[in-house]
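Trainee: What follows is the residue order along each chain.
2 protein chains.
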Amino acid sequence: MRVRFYNGRILAMDGDMEVRRGEVWVQGNRIVYVGENGVQEGGKAGSQAVLRGEMSWDREIDLDGNLIMPGFANAHTHSAMTFLRSYADDLPLQEWLEKQVFPMEAKLTGEDIYELSKLAILEYLTSGITSNFDMYFHPEMIARASIDCGFRTVMVSSLNNFNSSPEEMEQEYLRFRDYHELIGYQLGFHGEYTTSEELLKKVAALSEKYQAPVFAHNSETRREVEECIGRHGKTPTAYLDSLGMFQYGGGGYHCIHMTDEDIRIFRDRGLTAVTNPGSNTKLSSGIARISDMLDAGVRIAIGTDGPASNNCLDMFREMFLVTGLAKLKEENAAAVPAGEVLKMAVSGGARGMGLTDCGCLAEGKLADLIVVDLKQPNMQPINNVVKNLVYSGSKANVKLTMVNGRVLYEDGKFFVGTEPEEIYEKASRIMKRMME
Amino acid sequence: MRVRFYNGRILAMDGDMEVRRGEVWVQGNRIVYVGENGVQEGGKAGSQAVLRGEMSWDREIDLDGNLIMPGFANAHTHSAMTFLRSYADDLPLQEWLEKQVFPMEAKLTGEDIYELSKLAILEYLTSGITSNFDMYFHPEMIARASIDCGFRTVMVSSLNNFNSSPEEMEQEYLRFRDYHELIGYQLGFHGEYTTSEELLKKVAALSEKYQAPVFAHNSETRREVEECIGRHGKTPTAYLDSLGMFQYGGGGYHCIHMTDEDIRIFRDRGLTAVTNPGSNTKLSSGIARISDMLDAGVRIAIGTDGPASNNCLDMFREMFLVTGLAKLKEENAAAVPAGEVLKMAVSGGARGMGLTDCGCLAEGKLADLIVVDLKQPNMQPINNVVKNLVYSGSKANVKLTMVNGRVLYEDGKFFVGTEPEEIYEKASRIMKRMME
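Those protein sequences? They're chains Z and G, same order as listed. Start counting the first sequence at 0; every next residue gets the next number (the working numbering). Start counting the second sequence at 0; every next residue gets the next number (the working numbering).
Covered, in the sense of this in silico footprint (three residues per stretch, anywhere, with C-beta under 8 Å from a C-beta of chain G), are these stretches of chain Z: (1) 80 to 86; (2) 89 to 97; (3) 115 to 126; (4) 303 to 313; (5) 325 to 336; (6) 388 to 394; (7) 421 to 433.
Residues on chain G that point at chain Z, a partial pick, calculated with CB under 8 Å: (8) Phe82; (9) Arg84; (10) Pro91; (11) Leu118; (12) Ile286; (13) Gln375; (14) Asn387.
No lab work stands behind these hints: they were computed from the structure. Since the structure is predicted, the reported quantities are computational estimates derived from the model, not experimental observations. Think of the CB as a built atom: it goes at the ideal place given N, C-alpha and C, for glycine as much as any other residue.
Construct all of the structure, not just a fragment, from the sequences and the given hints.
Mentor: Next up, the structure:
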């Protein structure tokens, strides 16, 4: 497929946050040209191909002044938890996990996870999310759901005392890291508070063996941090680092109750702090130290967390919350400006997940991109596109979502190989069975 | 016009929060029937009219299982500030007002306010908002914009030391309170910190004369409260109450830095606390004491505030923030459950603004209602409709918005007498002129 987007505003995010007029060309699953409208003499490879008459289009899309930009990378989620949306709410994290989530999860089959992951993918597409970093059980089924939809997923192990094993994780790592162009896999574990030191040391050994980064929930609640200090005399970050866990990078999900030393470790090890403000708000877990991490030079990405704790999978809501909660916490309306937030949601996530070919619009990069409708009242007047996206943007502005060169969502319609009604019906049936 | 909505889920909010299956009939600007699918023997007036063969339909809408509910009442805004969206951000309130907002507002003409208010109305409609409580200059132009679009607006004076006068407010009050079925007017002033005691006493006298409620910004920033205590030895609420301002009710916008005594005064006077969490977050003004006010029995409504401080006009974002920020502030994930939030956004607002015939679906009430698309991934599975609305709902779920019996927005299209592109174009031209 050769697709030409023309007559648009381009936010390429390939070094600056400027919005330029121009066009973007896609060939197969790659971007082959980003530049001015019309073909420029002496342009890059893509435009030269057209000059030589080698480029013909399967589809030409007139953006009519709308915005084209890289898609969002959802850097932490548990997709298949869609079934628990609005089932158990208004509870604190530990109680919610132990009384509501774990008993229901015990009833899930692999086939359930396939269907429920697809439901989440539909919602990612409506929010302009083009990849997700998914921590859940049955990686085979997650991968199948993602591939069948044409969506990009990096999986991460949720190894803990009750689920999986270092041996299983190693097998999965070897199997899924070159499994399919849409699939990735990273080493990980659920969290310090659910994983024994014996297991953690084995994870660190695997990281050493494959020179691979490691990801886990980290410092999500005050209780988690206090109990870790009680057990090991160290915060989760310092304790895990002392086990040699982060020799090859990686990151933490949530990262709320971080000390200055934790922040230094994150910076020194090149770890990504994935912030999940929607979930942290709804579960009253706290507000992350985003400005302090930014000032220290820590890499930051944004995740929706799972749909049971958030409850929606909406990068626009997350972006507003990242800056809004920082402004409230610091009592400073200038905290965490819009451009920084947008970078976290796009390139911060892609980089954290290991998607080195995503996160910007540039020749040779993967065609994971979105078209944002600026012709809706919440985007008018167009005083500042970047601020509009972060402060007033919404799912309703997502006109088109392309993953790996394929349009999966456009003008409210899905092109994922299955009708959404069928996916809704299956999710309802699964929930009904659970309630029996 | 006679419109029949059938085959839907109904959240009538007429006493409980149950979702029932059934239909809603609209005749002219009123609801004439809410009940089970098909016409029931011994039903109410509307169904009896049909039984007698008196009811024929101009339009029948198959809801196909989607939700019909009363529209949201946006209980505090400054609509025409759309022109400043994403123009001045990341600044604290006082600096933002004095350096960015006031100089730009000084350049506004009445005609500008007409166009810019229309831009806001478009966005209200996309978010299922069917009425707004609008504090801005040039009420004549606000009323014209609202009537021309078919939208419902209650205006409130922004009287202060630099703008308007008690005499002008009295004229406006007399003129606009019976001006048009879509227009209301309430006595008000900008805030204690911008209005002299001499003026405030005249406002209180008008309230006494007309036995009318009074509304104003109240306790939005800590500085505002501290300075008021410095000037008068009392908080804004206690000080205004001591002037006899609230003998006939009314309310406050923002109401963040409230003391226990302030909360008692609000309860005892039957005042409505209008919370504006989006704006309070973005301007780092603070988090309101929602649970304490709820526990005390204070009436609460929700407003978006103006588009320059928020920057979007989205009741779904506000609803999530009302409960989410309360959960964070109180470190209690059970704080302010979804049903309470939804009541604030619907009936709390309508009651606060004096719209006694809005805020629920019931025979004889005004036909201000919305249809919510449940067939989108963020609403699936349908474990709990009320929680879905508050925790995962978005503008993208608003399928239809009806005000006063007329469909003004449906499936992304506006029916307000003007094409949106024309409104966008005019707003851009106004902003360009401002920047010259």
